[in-house]
Amino acid sequence: MLTILFDGVAYGMLLFVLACGLSVTLGLMNFINLAHGAFAMAGGYCTVILVNRFGVPFALGLPLAFLVTALLGGLFERTLYIHVYARPHLDQVLFTIGLVFMAVAAVDYTMGSSQQFVQIPEALTGQINVFGIGMGKYRLLIIAICGLLTIALQLILTKTRFGSRLRAAVDDQRVARGLGINVGAVFGLTFAFGSGLAGLGGALGAEILGLDPTFPLKYMIYFLIVVTVGGTSSITGPFFASILLGIGDVAGKYYVPKLGAFVIYAIMIVVLIWRPQGLFARAAAK
Amino acid sequence: MPILQTTGLEKRFGGIVATNNVNLSVEKGARHALIGPNGAGKTTFINLLTGVLKPSSGRIALEGKDITDTSPHERVRLGMARTFQINQLFLDLTPLESVGLVVSERLGAGADWWRVVGTKSSVTEEIVEVIERFHLTDVMFDRVAVLPYGKQRLLEIALAFACRPHVLLLDEPAAGVPEAERHELLATIEALPQDVTVLLIEHDMDIVFSFADRISVLVNGALFVDGAPEEVAKDPRVKAVYLGEELDA
Amino acid sequence: MANPALTSHVSDYLKRRARWSPLEIAFWIFAFATIWLFPSKHLILKDTAILALFAMSLDLILGYAGILSLGHAAFFGLAGYFAGLVAKYGFITEPVLALVAAGLVAAALGFVTSFLVLRGSDLTRLMVTLGVSLMLGEVANRYSNITGGADGLQGVEIEPVLGRFRFDLYGHNGYVYCLIVLFVCFVVARRVVYSPFGLSLRSVKGNSLRASAIGIPVKWRLVGIYTFAAGLAGIAGALLTQTTAFCSLDVFSLDRSADLLLVLIIGGTGYLYGGLIGAVIYKFLQDYIANLTPQYWQFWIGLVLVTIVLIGRERMRAWIETARSALENLWPRGFARPAKFAAPDGK
Chain U
1 MLTILFDGVA YGMLLFVLAC GLSVTLGLMN FINLAHGAFA MAGGYCTVIL VNRFGVPFAL
61 GLPLAFLVTA LLGGLFERTL YIHVYARPHL DQVLFTIGLV FMAVAAVDYT MGSSQQFVQI
121 PEALTGQINV FGIGMGKYRL LIIAICGLLT IALQLILTKT RFGSRLRAAV DDQRVARGLG
181 INVGAVFGLT FAFGSGLAGL GGALGAEILG LDPTFPLKYM IYFLIVVTVG GTSSITGPFF
241 ASILLGIGDV AGKYYVPKLG AFVIYAIMIV VLIWRPQGLF ARAAAK
Chain C
287 MPILQTTGLE KRFGGIVATN NVNLSVEKGA RHALIGPNGA GKTTFINLLT GVLKPSSGRI
347 ALEGKDITDT SPHERVRLGM ARTFQINQLF LDLTPLESVG LVVSERLGAG ADWWRVVGTK
407 SSVTEEIVEV IERFHLTDVM FDRVAVLPYG KQRLLEIALA FACRPHVLLL DEPAAGVPEA
467 ERHELLATIE ALPQDVTVLL IEHDMDIVFS FADRISVLVN GALFVDGAPE EVAKDPRVKA
527 VYLGEELDA
Chain S
536 MANPALTSHV SDYLKRRARW SPLEIAFWIF AFATIWLFPS KHLILKDTAI LALFAMSLDL
596 ILGYAGILSL GHAAFFGLAG YFAGLVAKYG FITEPVLALV AAGLVAAALG FVTSFLVLRG
656 SDLTRLMVTL GVSLMLGEVA NRYSNITGGA DGLQGVEIEP VLGRFRFDLY GHNGYVYCLI
716 VLFVCFVVAR RVVYSPFGLS LRSVKGNSLR ASAIGIPVKW RLVGIYTFAA GLAGIAGALL
776 TQTTAFCSLD VFSLDRSADL LLVLIIGGTG YLYGGLIGAV IYKFLQDYIA NLTPQYWQFW
836 IGLVLVTIVL IGRERMRAWI ETARSALENL WPRGFARPAK FAAPDGK
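Chains as they are written, first to last, in the numbering used here: chain U, 1 to 286; chain C, 287 to 535; chain S, 536 to 882.
By construction, these hints were calculated from the structure, which means they are not laboratory data. Every value quoted in this text rests on a predicted model; they were computed, and no experiment measured them. Keep in mind that a hint or two might mislead.
Unchecked claim - Heads up, simulated SDA-like pairs for lysine to any residue below, C-alpha to C-alpha not over 20 angstroms straight-line:
#: 1; chain 1: S; residue 1: Lys754; chain 2: U; residue 2: Arg275
#: 2; chain 1: C; residue 1: Lys406; chain 2: S; residue 2: Tyr548
#: 3; chain 1: U; residue 1: Lys218; chain 2: S; residue 2: Ala685
#: 4; chain 1: S; residue 1: Lys550; chain 2: C; residue 2: Thr405
#: 5; chain 1: S; residue 1: Lys754; chain 2: C; residue 2: Asp355
Work out the full structure, taking the sequences as your base and the hints as a guide.
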């Protein structure tokens, strides 16, 4: 059972890294970006190409995935997304679904529809025994990297000026603008960063989650669950929601395999009935 | 027995006390004005009365019946209607449709899904009556969004009136209405039937003193002074609170 | 007291507004004429009719009540499986009866889930509706011994409609059946939309604060329309199962709900014909693109979505309004407009 807990935590932290960009985007600009998963996919495929085809070492492949996806995110934000900010939610949903469809088809066309595997270094395969619990080395790496990232994110948010600008803008955009905060720039940077994180998550997660062109559609729901349950007014909300969901999904699939993702959806619906604003949201939802 | 009464009504938002232990009594048939400086909590009070906000403590009674836990639409059925300081209208509907909604709902025909709007003559007659009373005949087929502000304001009041309320809460009815259109608006308010009790929030002291038979002053969420217009006009504390505003009727 | 002349004028105006316009009548005459005009296209027309009904049902909650839902497929799928199962195990053999029963089952689910949809923000609603739909998919997958799981429901045999009209491989009877059902559902929906109930929905969508302030029980109206729309979606789902003698898990998929949104964005929301027109355009677009690039048509659909949103629905509506005005000038009698009433005192 502890192995399940361990796997669940690893899965949850991965989900968090993948989803936190989405959470901030939603909280900051009240923008529902269903194409977030496409950026994760992009990062995954980027690493696959770099590591498998060009022999780039895995340790370099990860940060490169982050960079490439961040740039991609920034580009898309400035050219496409910016036109859709002020639109009603329905339009945002349709727009980003359209982007996902295009991304999925494009990747299918260029890379084929079979699952891709990243050649992870020898050192990361297999398990190590800690206190009698078998822990996959790769999963340990995920926990380590994601844990560090979470701490870094929390520090950035709370200790830096950019962080306080971001939190101000999330809290009340108009007032933030009135204070001279360049909300557009804050958002552009945050969006790029969030997309980069998604890319990194996609690269890290390729091994565990399975990387194929349908990735954005399969996992988008999970990201949305994290964001909806965790709320958008903090980092800690989505973090705990991710862990909860990670453990819930792994445990659910182990103990009641036939019902698969049923457990997750049930948890989400129950939480949303009880607290429509999410488990950790402070302010009323827009 | 007062037609509307609040007992110890309080509303707290975090650390801020927006409504502070208000005990207000409105008599049947009264023309009762609620005045106070900006930010005194007048609109919050109306929101509490109508159920848009839930009080932190205290009770509200309408015609002797406790309505503190009643939902907003239920309160309308019990005889209380309000207007909004900033027009809350159905911009894509026409005045005819808007008034029609209120009347249908009141006559119990609002949920009829099987018949076309306009096929119940009792409803239609009443709709036309309200439209005529509020001088909306010439614009009744136009989309509300394109109406001049004065007409929109009239519609705002018409909607509340069409509820045939026993108590009508008017939240700054003359706000933003240009001078030219004020007369029509005020005449309409003056012409409201005597059996409808009116609680009026206003800033314009001319309107208050020509219309009200009783005035309550709200300051920082608490009831400050409450009495006949002459008393309130002479009260030095009220003058001090308003600092420089004209209080002579 | 009300001016009696004015009262009757208003009454006439309201009744006239709800009358079927010549354009509408022409639309339905043409729709039924397609039975004879395009005999070789009955299969795709049948699918279009089903999609049209499904889209119209979503329009009722999206366009008229303003509820954002990504999980309308839940009702479609539930009724689809229900219709298939009652036919397969012989519980209800007459298709029309089974159709009505399936619609009622879907409406029941709609009623139960409507309370979930009333709370929270747009995103919450999206997630809850999607969650219900996906959950049902998981349940169908779990009980694959009953539902056939990923392979789909096998061995469904549909009796002839009313004992006389058997469904065939070419979709002839199937199309007529679906078209008639679509028309009947449309007539009912049209009545609802022009009723006081329908008007109250529009007020709730426009300004729910004011709606409750004039005595409208907002919650119950939304529950009502959501239940009704769920029932119609269910009828659409049952139609699909009955005319194809098959039902599979993809009835619950996100793809299906997303396609529906696309249909409505193409056709427009809030005037009931959006789902119908959008379905026609979508189906033929899909057919055309699929013939060009069978594998990657999803890309082009995505592109259409992105483009439409970027152009903006407001701008498109403005174009349509311009076209409509132009048509109006050519044929004034086809478009009924209210006459301004001259009050006796000349106001």
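Now the hints, each set against the structure:
Distance check on the hinted pair: S/Lys754 and U/Arg275 sit about 18 angstroms apart at the alpha-carbon level, within 20 angstroms; holds. Our distance criterion of 20 angstroms between C-alpha atoms is met by C/Lys406 and S/Tyr548, whose separation comes to about 13 angstroms. In summary, the hint linking U/Lys218 to S/Ala685 is supported, as the alpha carbons are separated by about 16 angstroms, within the 20 angstroms threshold. Restraint check for S/Lys550 and C/Thr405: satisfied, since their Cα atoms lie roughly 7 angstroms apart, inside the 20 angstroms limit.
For the hint linking S/Lys754 to C/Asp355, the alpha-carbon distance of about 17 angstroms falls within 20 angstroms, and the restraint holds.
In terms of the numbered hints stated before, the structure departs from none.
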